[in-house]
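Colleague: Read off the chains here:
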Amino acid sequence: MSSITMVQAVNDALREEMRGDDDVVVLGEDVGINGGVFRCTADLIDEFGEERVIDTPLSESGIIGAAVGMALYGLKPVPEIQFSDFIWPAFDQITSEMAKMRYRSGGQFTCPMVVRTPYGGGIRGGHYHSQSPEAYFTHTPGLVVVIPSDPYDAKGLLKAAIRCEDPVIFLEPKRIYRAPKMDVPDDDDYVVEIGKAAVRREGTDFTITAYGAMVAVALEACEKAAEQGWSGEVVDLRTLLPLDEDAIIQSVTKTGRLVTLQEATKFCGFSSEISAIVAEKAIDVLEAPVKRVSGFDVPFPYTLEHVYMPHADRVLKAIEGVMTY
Amino acid sequence: MAEATMLQVLSPSGDVQSDLLPELSEERMVDLYRQMLRTRAIDTRMLALQRQGRIGFYGTCRGQEAATIGSGAAMLPEDWVYPALREGAVLLLRGYSLEQYMGQLVGCALDPTHGRQMPCHFGSDAHNYVTLSSVIGTQINQAMGTAWAMKIKKHKKVTLGYMGDGATSSTDFHCALTIAAVHKVPAVFFCQNNQWAISVPFSKQTASKGIAAKAVAYGMPGVAVDGNDVLAVYRATKEAADRARNGGGPTLIEAITYRQEGHSSSDDPTRYRDAKIHEEWMQRDPLDRYRRFLELEGLVSAEMDAEIEAEVKASVNAAILAAEASPMPDVNTLFTDVYAEMPEQLLEQREDVLQERNEGTADGAFPL
Ligand SMILES: Cc1ncc(C[n+]2csc(CCOP(=O)(O)OP(=O)(O)O)c2C)c(N)n1
Ligand SMILES: [Mg+2]
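Residue numbers (the numbering used here), protein chains in the order written: chain A, 1 to 325; chain B, 1001 to 1368.
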């Protein structure tokens, strides 16, 4: 075990998988000598050289298109998009090509690869260094979408993603890149299974679903709710696609109340899907309408970011809503 | 780098190629200098403020003042400008107020864009200076489109589109130059080749012998110019703009220059920069070179230098204080301008926030 940050966890996962499999290559802008603008690929170039830790030109569609071609040929590329806000030039390669390759070739061609990209707000990054794009990808069959919420999962899930047979979008919540630290196994073979949610706090009165940096906000809100005698359960989704529906239904069946939490904009957000699934499969256990807490339906702001971002008090208000319905 | 063929009016040692001197009055020559000096003074001040935590982010123009001011000054007020990260000085050159400029950097109510973007993302319709996006390359296609519209509307105007060397690898660069040349739109594509895209050196950006050379394949003139020579940059840009204005179509200009600072306030260039090469470039500073020329011409003196510097410092400091004294943008501005009219769903969300603030729970509640 070592006590490490999420950045170090990502770095360790990459290093271990590169040691274990010569086909794993890392490519992207500034990932080489600079070690990535967030340092996730720090020093990999020293151990694996420029052939496997590749500084690319500034071309996101080029990076992902190249990685798709590499994957088709048998490499295991782990491209980095410097900020998920800059992934859009590659959207075509991701959704039309990478996601559909297996299907359209009748299973003859596949491109297992992991697109790593930092996402999310809370770092004073303005419009283009703060957005949460998960719903654009969860709307695309063929993709696996994973979001860790702590260093332990970041390492275990990334290792699992690199070993996964399907293409993975691996969204890293940059707000919690450097804190908190956490004990993470050094064992090469430790992975965290993709497709499984985790209950982060057990409770009996209401459920909060969350992922990424919002898990901590959900836990904080539960602490505050406890002061009023309400016992909250927090389900950390970890994998958004394919979704662990059972974990959600199980928790809601126990508590009877659901608050969904995400920092992405609200309308057509991932939480809306959770709400729909619960309405379809478990409406009879609900004692109050589902409440969604999210960012507002505006472009991500710079100066007023602290108002935009969901915080514990806002979540608490939603909890009050479902508890006093 | 195709330095052998790059246009130069002032050599690094200050020798003048007199037959290439652009037509500029003495007064304008001094003004170019003043603008360059102001740009540097603002950079110095802003980097210091960033380090003190008074602004959130900053990307300097340092080392690129000649390329920036020389090109910006070659355009007419009715021409349009699409900036990249380092061309804020062109907006000031076009008459933008220093208070609003600082307002944007601080993100306060003085900023007409309501602090919605990170620092350095200026824009002003009154100055035909289009609001910057952080997304590298996107403006190149838009500049092409604006130039095309100018042509369709038979306006004798030109669009100047800036980009870095990194941006020339983007998809947008390829699309923009392809279409611009086919349709002979009045655009000047101005690449600030400052040798770096964050930590990626020019040699890893492209194997092309320079950016100007790429123009050949697109079918437009490509001009390499010494980007640390303000008179050469002015000359090259003016020629390209005149040609565009008179129906001659687009030009790609590559200003060969150097980013003297880190990529931005979040970058540590010592991780990847060779100290010796850095020192060589520092010896080719654009301000030093131009000052030497102006001194020889008797247009500036040490006293004048000090005078300009003091004046710039005073106005910059006053603008900073005004910006810092200004309140934050109103919370209402979080919801305005998403649509021409605020839809129901946003009205509701705004109501929720205002209520939350009345209850005193939300003000600064998400810890940043
Ligand atoms: C599409 C996109 N990809 C990545 C980034 C992150 N990024 C910001 S600036 C930059 C390098 C830009 O280099 P260049 O175009 O040469 O401009 P310079 O900063 O040198 O002026 C990168 C990779 C971005 N802003 N947009
Ligand atoms: Mg550059």
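Derived by calculation from the structure, the hints in this document are not laboratory data. Yeah, the Cβ is synthetic: ideal placement off N, Cα and C, and Gly gets one too. Some clues are possibly wrong.
Claimed, not checked - Under 7 angstroms between C-beta atoms, here's a sample of chain B residues computed to sit facing chain A:
1. P1112
2. T1113
3. R1116
4. S1169
5. V1338
6. L1347
7. Q1349
Colleague: For each hint, tell me whether it holds in the structure or not.
Modeller: Structure-based check of all given hints:
1. P1112: P1112 of chain B check fails; min Cβ-Cβ to chain A is 13 angstroms, beyond 7 angstroms.
2. T1113: Interface hint status for T1113 of chain B: violated (9 angstroms vs cutoff 7 angstroms).
3. R1116: It holds, given that the least Cβ distance between R1116 of chain B and chain A is near 5 angstroms, below 7 angstroms.
4. S1169: holds (4 angstroms)
5. V1338: Given a least distance of 5 angstroms, the restraint on V1338 of chain B holds.
6. L1347: Hint on L1347 of chain B: violated, closest Cβ of chain A at ~11 angstroms, above 7 angstroms.
7. Q1349: Holds: closest Cβ of chain A sits about 5 angstroms from Q1349 of chain B, inside 7 angstroms.
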